[in-house]
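Participant: Sequences are here, hints too, so could you generate the full structure?
The listed protein sequences derive, respectively, from chains A and Z. Per the working numbering, residue 1 is the first one in the first sequence, and the count goes up by one each step. Per the working numbering, residue 1 is the first one in the second sequence, and the count goes up by one each step.
Certain hints may be false.
[As the list claims (entries may be wrong)] Derived DSSO-like pairs (lysine-lysine); straight-line CA-CA distance at most 30 Å:
hint: 1; chain 1: Z; residue 1: K219; chain 2: Z; residue 2: K48
hint: 2; chain 1: A; residue 1: K209; chain 2: Z; residue 2: K237
hint: 3; chain 1: Z; residue 1: K219; chain 2: Z; residue 2: K45
hint: 4; chain 1: Z; residue 1: K106; chain 2: Z; residue 2: K48
hint: 5; chain 1: Z; residue 1: K237; chain 2: A; residue 2: K233
hint: 6; chain 1: A; residue 1: K209; chain 2: A; residue 2: K233
To be clear, the hints were calculated from the coordinates, so they are not data collected in a lab. Quick caveat: nothing in here was measured; it's all calculated off a predicted structure.
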Amino acid sequence: MELLESNSANAGDFVGVLRRFGILREQEHLKGTLPVAETQATTVLAFKFADGVLVAGDRRATAGNIVMYDRADKVLEIDRHSVMAIAGSPATAWEMARVLEHSFQFYRRSQLQEMSVEGKVRALSKLLRDNLGMVLQGVGVVVPLFATYDDSSNDPAKVFFYDAMGAQFEAVDYAASGSGGPSVRSILYYENSWGKTPLRELDQNSAIKIALRALDTAAEADTATGGVDRQGKIFPVIKIVNQDGITTVSYDLLSSLFNAALPLA
Amino acid sequence: MIDEPYRWVEAIANRREYIESELAAGSPTIALSCEEGILFLTFGKDRKKIFEIYDQIALGGIGHPGDIERLRMMAIELASTEGFARSVNDVSLRRMATYSFSPALKQAFEQVYGAPYLARLLFAEVGAQPTDDLFVTLDYDGSMTANSMGAGKGRDHFGVISGSRRSAEQIAMFLRKEPVEPFKSALATAIKAWGIGLYSLDEDHSEILSDDELKSFLKSQLKDYTLEAALLERKPKTRIAFTELNDATLQAALSEYEG
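Facilitator: Below you can see the structure in the form of structure tokens.
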């Protein structure tokens, strides 16, 4: 029953609570290699547009040359205004998302105030840093994007990207991660600098169209990216984050926007 | 000396008397089922007394702020670790109260060399229907009442704690006559119920107030108290059901007692 930490730097730290309860252990240093191909998730992107942030991810998860799953959800809601998009090992990434989600809730409930955006961004950075032992073993690497909406800021739409060690970078306009990330990044750079409308001035439907096209293009040269599967009717997951919270773009809207944009439709 | 059984019983009795006197001034806290969810309501003087515990669970407490804080943290940690390790659907107020809180409170109360918890708690868990709502009260000695853990008895659509047993009973008698209402009417009902509870905290007040008397009593008291209320929504937009009511809603509810 001794659990008062209100004055310490650990106040409201859910990871600490999990360790105390023995639910989460310190990183173990395991020896050996994974005898099967590790499952990987790929290609997520986030950019700011006129009404907030758009976060998108394709649906494919691969293990070596095998398609493990073609309906994976890599765009995960963490709280009312935060989304984490994952590239890398889903085994680690989904667990990180779970820890983050509970950490933010736990902080708000126990400390009776919302965690700051800086605090949230740092919390993810810390989880990545804690995962470094696994990464050095060659498994469980995660390179996520984090998007959120901060009402108190002059530039409320926020996009962050990370490296595998946990360094955090704030994106000015857009970010992409995963094996299709370089293609997506080139497309977003092109649209932003040379396209008709800079990303930040796009309305929602135009933003969705660009996200769909970028993922479709990334899938063209990258077998690990699912892109848009027209026959299987599988579309990327796209979420919009703004002042009102998070909305998931419906299948019908994705379908009609994508088909309307096809040159031969 | 308290190794002897009689001394032990005496020590416990003294302790009970002391805690009861410490809690006696506690402002009633009410949780009431309404169509939209569970309304949590109290009036306080200085500090917050209604808290979110988990997605569907809230807590109200009277007693020493330090003790309420320790118990609140215990509840949040229990619920959060369970929700993390298993699933949010596995977090249950019934289990938390029966297996964790009741034994912990009883143990602290009966170990006469240690300090007991100076607290009386009211937990509520919102369900899909008003008949699924669960209300649990826990006392400093670990004794527990719930609206619906046993079969066969009439189910209350509310839970209440107050400084004295009589005050809580008066509130319960009043609320039992009220049906499950829409949120707005439930808010008005809960304010009246609180007024009845506060009035009967005074041992000299044995009579039952008429509507007019209650109104003028509330009017006279509201200068000293601040209304605090929250709603556990039955159908929230996200998984999280708890929302604190904003000032505009609270002021509108109090407008008939102004002036």
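Participant: When the hints from earlier in the document are held up against this structure, which numbers fail?
Facilitator: Nothing - there is no hint that the structure violates, so all of them hold.
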